[in-house]
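Chemist: Chain by chain, the residues run as shown.
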Amino acid sequence: MEQVIVNSLILGMNYALIALGLTLIFAIMNVLNFAHGQMYVLGGFITYYALQVLHLPFVVGLVASVVVLVLVGLLSERLLFRRAIRVSTREESTMLLAAGLALLLESLILLFFGEKQRGMPPIISGVYQVFGVYIPAGRAFVFAIALASLIGFVTFMQFTRPGRALRAIAQDKEVTALQGVNINRYGALGFGLGAGLTGLAGSLLATIFAVNSGLGTAVSIKAFIMVMLGGAGVVSGAIAGAFVLGFLESFGYAYMPGSVTYMLIFAGMIIFLVFRPQGIMGKPWG
Amino acid sequence: MKLLVNTFRLFLVGFVLLAFGVTTSQAANKVLKIGHIGVMSGPAASWGLINKYAALAGAEIINEDGGFEIGGEKYDIEIVSLDTKQDPRVAIAGAERLVYQEGIKYIIGPNVDDTTRAVLPVFEKAGAFNICYGWHRELFTSPSKNTALGMIAGYQSAPVIYKYLKEQRGVKSLACVPRNDASGLNSRDSCVAAADQLGIKITSSDSTYEPNTSDFFPIMGRIIGQNPDLIVLSGVAPADAPLLIRAARELGYKGLMSTETAMDANIITEIAGEMANGYISVGGASAPELRTDEMKRFIERYSKVAGEWNDEAGTKVYALEMLLQTLRVAGAAAIDDIEIFKAAMPKVNAEDPFIKGGKARLKWVGQGYFDQLRQVSTPMVITEFKDTDFVTLFIGYVE
Chain G
1 MEQVIVNSLI LGMNYALIAL GLTLIFAIMN VLNFAHGQMY VLGGFITYYA
51 LQVLHLPFVV GLVASVVVLV LVGLLSERLL FRRAIRVSTR EESTMLLAAG
101 LALLLESLIL LFFGEKQRGM PPIISGVYQV FGVYIPAGRA FVFAIALASL
151 IGFVTFMQFT RPGRALRAIA QDKEVTALQG VNINRYGALG FGLGAGLTGL
201 AGSLLATIFA VNSGLGTAVS IKAFIMVMLG GAGVVSGAIA GAFVLGFLES
251 FGYAYMPGSV TYMLIFAGMI IFLVFRPQGI MGKPWG
Chain X
1001 MKLLVNTFRL FLVGFVLLAF GVTTSQAANK VLKIGHIGVM SGPAASWGLI
1051 NKYAALAGAE IINEDGGFEI GGEKYDIEIV SLDTKQDPRV AIAGAERLVY
1101 QEGIKYIIGP NVDDTTRAVL PVFEKAGAFN ICYGWHRELF TSPSKNTALG
1151 MIAGYQSAPV IYKYLKEQRG VKSLACVPRN DASGLNSRDS CVAAADQLGI
1201 KITSSDSTYE PNTSDFFPIM GRIIGQNPDL IVLSGVAPAD APLLIRAARE
1251 LGYKGLMSTE TAMDANIITE IAGEMANGYI SVGGASAPEL RTDEMKRFIE
1301 RYSKVAGEWN DEAGTKVYAL EMLLQTLRVA GAAAIDDIEI FKAAMPKVNA
1351 EDPFIKGGKA RLKWVGQGYF DQLRQVSTPM VITEFKDTDF VTLFIGYVE
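As they're listed, the protein sequences go chains G and X. Counted the way my numbering counts, the first sequence spans residues 1 to 286. Counted the way my numbering counts, the second sequence spans residues 1001 to 1399.
Just so you know, the hints here were simulated from the structure itself, not pulled from any lab data. Glycine residues also receive a C-beta, built at the ideal position from the N, C-alpha and C atoms. Don't take each hint at face value.
Partial list, computed: chain X residues near chain G (C-beta under 8 Å) [what the hints assert, rightly or not]:
id, residue
1, P1143
2, S1144
3, N1212
4, L1251
5, E1270
Okay, the calculated bits of chain X under chain G, using three or more residues with CB under 8 Å as the criterion [to be verified]:
id, stretch
6, 1294 to 1304
7, 1379 to 1388
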C-alpha cells in the first residue's frame, strides 16, 4: 500500500508537469494544443541528443530542451496561431491548425531522430528504501526538480507583473486589453512559456520513461484527461487532475487487472464530466 | 588554352562513358519489384521500418553485386514500401496499391495480426504472396495459402525457453505481463499454455498494460508482490522492454526476466544498462559469434541505410532472401504466377548465408504447426543480455 501511494505521488507530479503547459496555452490563447505531446517528445529527444550523442551534462540538455521549445512555441504563436485567431472566429480553425502542427512535428521528429525508442540511464543511480518502500534516486531527483519547477511557475504567475497579466488575459482578454496590456506580446509569452514547460517535462521524464517519435499522441491524450478532470485553463486544476490520474492509475494497476484500469478511468471521467463538465476547479461560466 | 580544351574533352569523354555505362547497366538487368507494407509511423514505427531497412539493405547488396539471377537472367531488386500506420483500412489501401497499381506479386509485411488479416483477402484475390510478422496460427493454416510467417512465433519459442529455464535455472513459477493488444494477449496465451504443460506455476497473467504506457512502476509493483521466479514480458515491444526491466529492478526484483520476441541491444543498454543483465530473448542471425561475412556485410549496409544497426533486423534479414531463393528455384515464370512459386516452396533448401557453421538451412518450414510449409526457417537463437550485447545460449529450429 505504501509503495502504491509513493508511486501515485511520483506519477502525479510527473503528470502535473505534462499538464501545465497544455492548460496554460488553453487559458491564454483559447487554443487546444494538439501538438502538446509532440512538443513533449521533442523536448525529450533534445535532452537525449545532448546527453547520449554529444555527451554533454544533463543540465545543458535540460536548458537546451526548454530554450528550443520556447522558440518553437513563440514561432508557432507568431507565424501560425496569431493569424488564425485574427482571421477566423471559429475555434475549430485553431484546433485543426494544432492537429496539423502535431503531424508536422511528429514527422520531423521521426525524420531527424529516427524510429527507435531513446532513453538514458537515471541521472542519479541507486534506489532508496524507506520503510519498505522503494524509491529510485532518479525518480526522486525528477520529483524534486518537478516540484521546484511547479513552485517557481506558480510563484511567477502569482507574484510577477507578467504573471498577473497572463492571469488577467486568461480571465478576460478584452477587459485586459482595455487596461493597456499588450495582448499579442503576452499571448506569445504564454505560448512560449507553455511550450517551454512541456519541453522541461519532456527533458526530465525522458530520463525515467524514454521517448520515441510516436509517443506524442498518447501524451496529449493523458494531458487532455488531466486538464478536463481539473478544469480546462485552470493551473491549479491541471495539477489536481494530474494527481487524480496518478492515483487512479497506480491504484488501478495495483489492485485490478491491467486492462480494466483505463476502461474504468475513462468511464469514471465521462460520468464525472456529465455532472461537473467544468472539472474539479473550473468555473461553469468558463 | 590548349590545356583548357583538353580538360573539356576529358570531361566530355568521361561524361559520355558515364552516361553509356549507366544506360548499359540499366538496360542489362530487368527490374523485379518487391513490395513492403508495414507500420512506419506512430508508436510502433520501428517494427515496419526495420523490415523496410532490411529489405533495402538486402536489395542494395544484390544490385551492387550485379543483380539476382532467376532463370538465367539477372534482375535488379526494387523495394516499393508503404506505411500501414497500423490501421487496417490504410493497410488495405496500401495492399491494393502494391498489387494493382505497382503490379507486385511478392510482399514483405505487414507486422501485426490485425493488419495482416486485413490485407490477406486483397493478396488472395490479386494472386500475391506475402511474408508477414503477425503470428496468429489461422493466418498460415488452410484455407489461407498466400501468406507465410517470417519469424519465430511466441508459441514456438515459449515452450523451448521455459523448459530451458526450468531445467537449467530452477524456475518453478512465472508471471506473464502482456501488452493489451492482439499480439500481446496471444503471446500471453502461449505463455500460459507452455507453462501449464511444463508444470510451472503461473502467479499472474491478467496484469496487462496499455500500448503507449510510459510508467511501468504501478504494473510491475503488482507483479513483484507475487514474487515469481520468472517474469515473462509477453509480446513486448523492444521500446517497452527496457522500461519494464528497469521498473522491476528498481522495485527490488532479483529474479529472471524473459520474452519470446527479438530485442535491440542498443535500446536495452541505453535505458536499462546493467539492470538488464540476464534478460533472455529470441534473436536471429545478429549474435556476434554467429555472424558470417555475408551477415557482417548486411549489418554494415543496414547501418548505412538506417543510420545504425538494430539487432531485431537479425530476424528480418531472411524475408527478401527467402522470396528470391524460392523464385530462383521456381524459375522466371513464378515472377508473375505465385502458384508456380508455391509449388516450388518444398524444393528450397540452401545453406543459411547469415549464420556460421553450415547447420542452419534456408527453407520453408511450419508443417507441424500449420499443416503446410508457411514459415521461413529463421533460426531460434535464444540469447541472454550481458553488459551491452546478447550472448547466445542455444539455437533451435522449427520444422
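Chemist: Does each hint hold? Answer for all of them.
Modeler: Hint by hint, here is what the structure shows:
1. P1143: violated, 32 Å
2. S1144: violated, 29 Å
3. N1212: For N1212 of chain X, the interface hint holds, since the closest Cβ of chain G sits about 3 Å away, which is under 8 Å.
4. L1251: holds, 5 Å
5. E1270: holds, 5 Å
6. 1294 to 1304: With 0 residues close enough to chain G, the hint is violated.
7. 1379 to 1388: violated (count 0)
Going through the hint list in order, the structure does not satisfy hints 1, 2, 6, 7.
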